[in-house]
Amino acid sequence: MRHLISIADLTNDEIEEIFALADRAQEQRQERPATGHIMATLFYEPSTRTRLSFESAMQRLGGSVISCSDMKSSSTAKGETIADTAKVVSSYADVLVVRHHWDGAVQAMAEHADVPVINAGDGAHEHPTQTLCDLYTLRKEKGALKGLTVVVCGDLRNGRTIHSLVFALARFSANVVTLAANGMALPQYVIERLEREYGYGLTPVAANDLSTVVTETDALYLTPRQPHQLALFTQVDEVIQARLSSMATGLRYDAFYMTRKQKERMKDGASGSYPSIGADFLREQRFQDTVVMHPLPRVDELSPEVDKDRRGIYFKQAAYGVPVRMALLKFLFERHEKGTSTRRRQSVIYESPEAVGPQCRNANCVTLNEPVSTRRRFQILSPEEGGAWVVACLYCDHRNKVQYIGNAKSKRYSFFDPSLITSFREWLKAGELAIFDTIKEAEELGYEPIKSGPQRILLNESEIEQALVDIAGQILRDCQNPDRLLILGVRSVGAQLAQRLAQEVEKRCQRRLELGEIEIFGAGEELRRVSPADPDAGPLNLKDREVILVDDVLYTGRTVKSALSIIFRSGRPQSVRLAVLIDRGHREVPVRPNYVGKNIPTAENERVRVKLRGLDQENRDHAVLYSIDHAVGQTAPLPAREGTAASR
Amino acid sequence: MAEEKKVLLERTELAKAITRMAHEIVEKCVAPSDLVLIGIRSRGVHLARRLGRKVSEICHTNLPVGVMDVTPYRDDRSRPENASAPGALEAPVAVDEKTVVLIHDVIFRGRTIRAAMDAVERLGQPKRILVAALVDRGARELPIRADIVGKNITAAENERVNVLLEELDGVDQVTLAGWKT
Chain L
1 MRHLISIADL TNDEIEEIFA LADRAQEQRQ ERPATGHIMA TLFYEPSTRT RLSFESAMQR
61 LGGSVISCSD MKSSSTAKGE TIADTAKVVS SYADVLVVRH HWDGAVQAMA EHADVPVINA
121 GDGAHEHPTQ TLCDLYTLRK EKGALKGLTV VVCGDLRNGR TIHSLVFALA RFSANVVTLA
181 ANGMALPQYV IERLEREYGY GLTPVAANDL STVVTETDAL YLTPRQPHQL ALFTQVDEVI
241 QARLSSMATG LRYDAFYMTR KQKERMKDGA SGSYPSIGAD FLREQRFQDT VVMHPLPRVD
301 ELSPEVDKDR RGIYFKQAAY GVPVRMALLK FLFERHEKGT STRRRQSVIY ESPEAVGPQC
361 RNANCVTLNE PVSTRRRFQI LSPEEGGAWV VACLYCDHRN KVQYIGNAKS KRYSFFDPSL
421 ITSFREWLKA GELAIFDTIK EAEELGYEPI KSGPQRILLN ESEIEQALVD IAGQILRDCQ
481 NPDRLLILGV RSVGAQLAQR LAQEVEKRCQ RRLELGEIEI FGAGEELRRV SPADPDAGPL
541 NLKDREVILV DDVLYTGRTV KSALSIIFRS GRPQSVRLAV LIDRGHREVP VRPNYVGKNI
601 PTAENERVRV KLRGLDQENR DHAVLYSIDH AVGQTAPLPA REGTAASR
Chain S
649 MAEEKKVLLE RTELAKAITR MAHEIVEKCV APSDLVLIGI RSRGVHLARR LGRKVSEICH
709 TNLPVGVMDV TPYRDDRSRP ENASAPGALE APVAVDEKTV VLIHDVIFRG RTIRAAMDAV
769 ERLGQPKRIL VAALVDRGAR ELPIRADIVG KNITAAENER VNVLLEELDG VDQVTLAGWK
829 T
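Residue numbers (our numbering), protein chains in the order written: chain L, 1 to 648; chain S, 649 to 829.
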């Protein structure tokens, strides 16, 4: 199947082919090559230009259009998944044009569709057809793309058009100058991909070197310099002003590409620090041949004076949307008939052999927002400088550092370390590589460290029992109304402790307590939800409850933070108090426990584990501490599972 | 019945508290280049700007200061209107791999900070999140702490802590107001 999800799905030759087709758009209107074809437009986010230009393009090609302009109010509101929508609509249409608010959602749609899918913008990820229009406009205005210097300006962080555009400009060897509004720089993954795939060096450049460097470097990353009097932009913060004025005179700028101030992503309050182009710009001698582009709609970053000037070409740019999309549709239909599939990206795809794999760190990624429609996969990239290994989410391209790796066969894990690269490659090849974001995930799946120090017992069976008795007493002392108590344990050890704690409290207050669980590290149905410990019991009601959250070991606090988010998504308790058996310090989030069995100072490379009878084939309760050592150069066969370094 | 007002911090004491908090922020972070301050609307924003200037002076850097409105994330809202839109950050800052200090005027039940942590998560992956509050009045309902506190007080349920700032109120002052019979 031939889709267009990313501008990377098209080769340079194919882009040229599409442009040649766009040049002949008039002929195609007569040929009507799409006669009998139906295009469906599914827009989960509002759009005027993109949707209308697609629909116009399809009709001019002789095809017809079915449309759902507001997916949010349609079946999605009833809970239909991306996967189901894709399957259903595939049988109504010959091509799908999709816009979605989640990064990577169109990739997920394409995986379930039986017809070609075109990305009309997915979250902050990509918007490849806008990019095609931008490139086409530049080529029309300037003759060629190679060697052009394009300044991209404004919100470079949230603007999906910008991400697609810089990659495409890089491929056609244009120079890119980035000029980000404060705090809205290009995301790191975009910069890294520019470096990795296109060899763009993004070196800080001082203003006086600029004129020499610009001829040698493909991209410039300008550092702020002293503020300058040049009032080029109206309403602009000092940093941008400084950067802009630091561009040495004598450089040729072919185009300024402004992005829209994303009001829906920023709200008010930031208006003073967004650049805008006005009359001053037009009067600058060195910008006499610089065209001004904008994806539209604009807010107030382009003054009306620019509209009247020959250099303001954004309405032309919008008009090219139709011929370019006509060309793209014709191109995709032709490829579809020939049965060609989307160009494979040049890297190894990783999928965890375990039910719990690494998670994309992009909170807006489709894999987190609708896991059922996706299969978490990552591109394995080459190691970075300094030896860190990075994987990129297949859906949203967000780069995620490999933290812990394990072998699914031997059930051993280790910190990822550059010296483990050989093992990493071998396990990957054998399909045994398990990547984990946290040690806790590995432990929940029964993994043990590859190399660990001797175990020290922190709490024995009777000490654990005593700690729970003490905590139960404190809970009752602080409790306003025992009937409203709800004990919630974090799976799996926390949930076991919660059960014992509940029994202890019940003994004292002579009442049955409600008991629930939160699964954070698993991959099951109940993941990231509050569920009753007894599967036959009805759903838990959290409203106005006094919740006691129970976990075994408190460390960075991130687990508790996730648990709190989950609790507050499910209801609004009157209070949440935290009970832990062991607090080992090293907090990374502002979490404070209310009840602690024992405080234990630890080093960062140590693990504290609570092992309970019945879990992990343990025959007694105890809490242990051991160090995990770096498994340096681990290439020899791993020891058998029984031979754990930990002495029992 | 009359309203009684007690001044907790006068202008100079408030200035001293901010200076001390700025030093604590510097102490608690590994490198100033990793530091990002985010002020929680509305008084937290002005506190964050003041702390930002102080920390910048101490470390000779230019510290990024963001502004956050946690209203859409608060649990006392019936339903987040559009949970997928990261609309809460007005002055955006990059938080990935940074130490983020959330600046709040008065920490009380902990619900605002919990909501703020959710909002931060939508921006990226900070290395660490700290909380700095000008006043900690205790009586938390959630297991959340303030790492850096200007003044700790104990106040009754029906008492109100008012933080007045020059930028908004024309005066720098913290007061405790309550009804006495």
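Among these hints, one or two may not hold up.
As the list claims (entries may be wrong) - From the derived model, a few chain L residues whose C-beta atoms are all more than 12 Å from chain S: (1) Tyr-198; (2) Thr-290; (3) Ser-352; (4) Asn-362; (5) Glu-448; (6) Glu-465; (7) Ala-533; (8) Ala-563; (9) Arg-577; (10) Pro-593.
Unchecked claim - Computed Cβ-Cβ distance ranges for the label pairs, DEER-style: (11) Glu-604(L) - Gly-786(S): 42 to 48 Å; (12) Ala-679(S) - Arg-620(L): 42 to 48 Å; (13) Glu-661(S) - Arg-377(L): 55 to 61 Å; (14) Gln-773(S) - Gly-431(L): 27 to 33 Å; (15) Ala-663(S) - Glu-461(L): 27 to 33 Å; (16) Glu-461(L) - Ala-825(S): 39 to 45 Å; (17) Glu-80(L) - Val-655(S): 56 to 62 Å; (18) Lys-401(L) - Arg-701(S): 31 to 37 Å; (19) Glu-618(L) - Ala-679(S): 40 to 46 Å; (20) Lys-543(L) - His-708(S): 49 to 55 Å; (21) Glu-661(S) - Ala-279(L): 33 to 39 Å.
The set of hints was computed from the structure by calculation and includes no laboratory data.
Here a beta-carbon is modelled for each residue, glycine too, at the ideal position from N, C-alpha and C.
Outcome of the hint check:
1. For Tyr-198(L), the requirement that its beta carbon stay farther than 12 Å from each beta carbon of chain S is met, with the minimum near 22 Å.
2. With 12 Å as the threshold on Cβ separation, the claim that Thr-290(L) sits away from chain S holds: the shortest Cβ distance comes to roughly 28 Å.
3. No Cβ of chain S comes within 12 Å of the Cβ of Ser-352(L); the nearest lies about 20 Å off, and the non-interface call holds.
4. Here Asn-362(L) does not stay apart from chain S, with its beta-carbon only about 8 Å from theirs, under the 12 Å limit.
5. With a closest Cβ-Cβ approach of about 27 Å to chain S, Glu-448(L) is found to remain outside the 12 Å limit, as its non-interface label requires.
6. A cut-off of 12 Å between C-beta atoms confirms that Glu-465(L) is not in contact with chain S; the least separation is 24 Å.
7. For Ala-533(L), the non-interface assignment is confirmed: its Cβ lies about 21 Å from the closest Cβ of chain S, beyond the 12 Å cut-off.
8. Listed as outside the interface, Ala-563(L) is inconsistent with that label: its C-beta sits roughly 10 Å from the nearest C-beta of chain S, within the 12 Å cut-off.
9. The beta carbon of Arg-577(L) is not kept farther than 12 Å from every beta carbon of chain S, the shortest such distance being approximately 6 Å.
10. With a least CB separation of 6 Å from chain S, Pro-593(L) falls inside the 12 Å interface cut-off, contrary to its annotation.
11. At about 31 Å, the CB distance of Glu-604(L) to Gly-786(S) disagrees with the hint of 42 to 48 Å.
12. A hinted range of 42 to 48 Å for the beta carbons of Ala-679(S) and Arg-620(L) is consistent with their spacing of about 45 Å.
13. In this structure the supplied range 55 to 61 Å holds for Glu-661(S) paired with Arg-377(L), their Cβ-Cβ distance being about 57 Å.
14. Range check, Gln-773(S) to Gly-431(L): Cβ separation about 28 Å, and the 27 to 33 Å hint holds.
15. Range check, Ala-663(S) to Glu-461(L): about 55 Å between beta-carbon atoms, so the 27 to 33 Å window is missed.
16. Checking the proposed 39 to 45 Å range against Glu-461(L) and Ala-825(S) shows it is violated: the Cβ atoms sit about 53 Å from each other.
17. At about 59 Å, the beta-carbon gap between Glu-80(L) and Val-655(S) stays in the expected band of 56 to 62 Å.
18. Between Lys-401(L) and Arg-701(S) the CB atoms are about 34 Å apart, so this pair conforms to the stated range of 31 to 37 Å.
19. Separation of Glu-618(L) from Ala-679(S) is about 43 Å and conforms to the stated range, judged on CB atoms against 40 to 46 Å.
20. For the pair Lys-543(L) and His-708(S), the supplied restraint of 49 to 55 Å holds, since their beta-carbon distance comes to about 51 Å.
21. Roughly 50 Å separates the CB atoms of Glu-661(S) and Ala-279(L), a value that falls outside the hinted 33 to 39 Å.
Of the numbered hints listed earlier, those contradicted by the structure are 4, 8, 9, 10, 11, 15, 16, 21.
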